[in-house]
Structure formats: C-alpha cells, structure tokens
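Residue numbers for the sequence shown follow this note's numbering, beginning at 495 and rising by one.
Derived by calculation from the structure, the hints in this document are not laboratory data.
With a straight-line cut-off of 27 Å between C-alpha atoms, the simulated DSS-like cross-links for lysine-lysine are:
1. Lys573 x Lys588
2. Lys588 x Lys572
3. Lys573 x Lys516
4. Lys572 x Lys516
Quick list of simulated restraints, FRET-style, between CB atoms:
5. Phe517 x Arg585: 37 to 47 Å
6. Gly586 x Lys516: 33 to 43 Å
7. Glu580 x Leu544: 19 to 29 Å
8. Asn496 x Lys516: 29 to 39 Å
9. Asp539 x Thr507: 33 to 43 Å
10. Ser519 x Met495: 32 to 42 Å
11. Pro525 x Asp551: 16 to 26 Å
12. Asp551 x Thr507: 11 to 21 Å
13. Asp561 x Phe517: 36 to 46 Å
All C-beta atoms in this analysis are idealised placements derived from N, C-alpha and C, irrespective of residue type, glycine included.
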Amino acid sequence: MNVLLVYPKYPETFWSFKYALKFISKKASFPPLGLMTVASLLPEDWNVRLLDLNVRDMADSDLDWADMVMISAMRVQKKSVDQVVEKCRQRGIKVVGGG
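Can you build the whole structure from these sequences, using the hints too?
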C-alpha cells in the first residue's frame, strides 16, 4: 500500500508568517506533527511519503504513486483541502481525512 500523507497549504495571513520565514531561512512555520505520528502507526510494510504543501506543490507523480491519500488539516486550510480532495476524486484515489 502506497500512502501519501498530505499537509495542506496555509493561506497567506498574519499567522502564516510568510514574510518572517525568509529571515530564519525556513519554508514553513508549522511542521505536520500529526501526520508524522500517523506515519509511525501505519503498518511497517506500507510505503509512506509525506508532502507538506507549504514547502512544495503536489506533482502529478505524487498522485500517480499513491493508492491512498491521508490528509490532516485545520479549518483555515479548507481551500487547500478541497483542492487536494478534488484531485484525488478525479483519479479515483481514496482519501482519509482528520484534523
């Protein structure tokens, strides 16, 4: 089973720290700790990849690889979640959501 763990993009708001991140040489301010915990609990024979959309965009090759997408989000990330779910629906990929 190939599982793609997706952390949705934060919109540009005060709390996204877009302008402050360049001063500390970082691409994102909130690591996807929940998804990393989920990854540690999945069966050892499953292949797992973690994609943080605050660091890079999702490529077609990410979805070509995935049998299932697991996503964890907060309300503020809804727009990004909707985009990910729609891409998965178009490809017939199962989506598991939490947050």
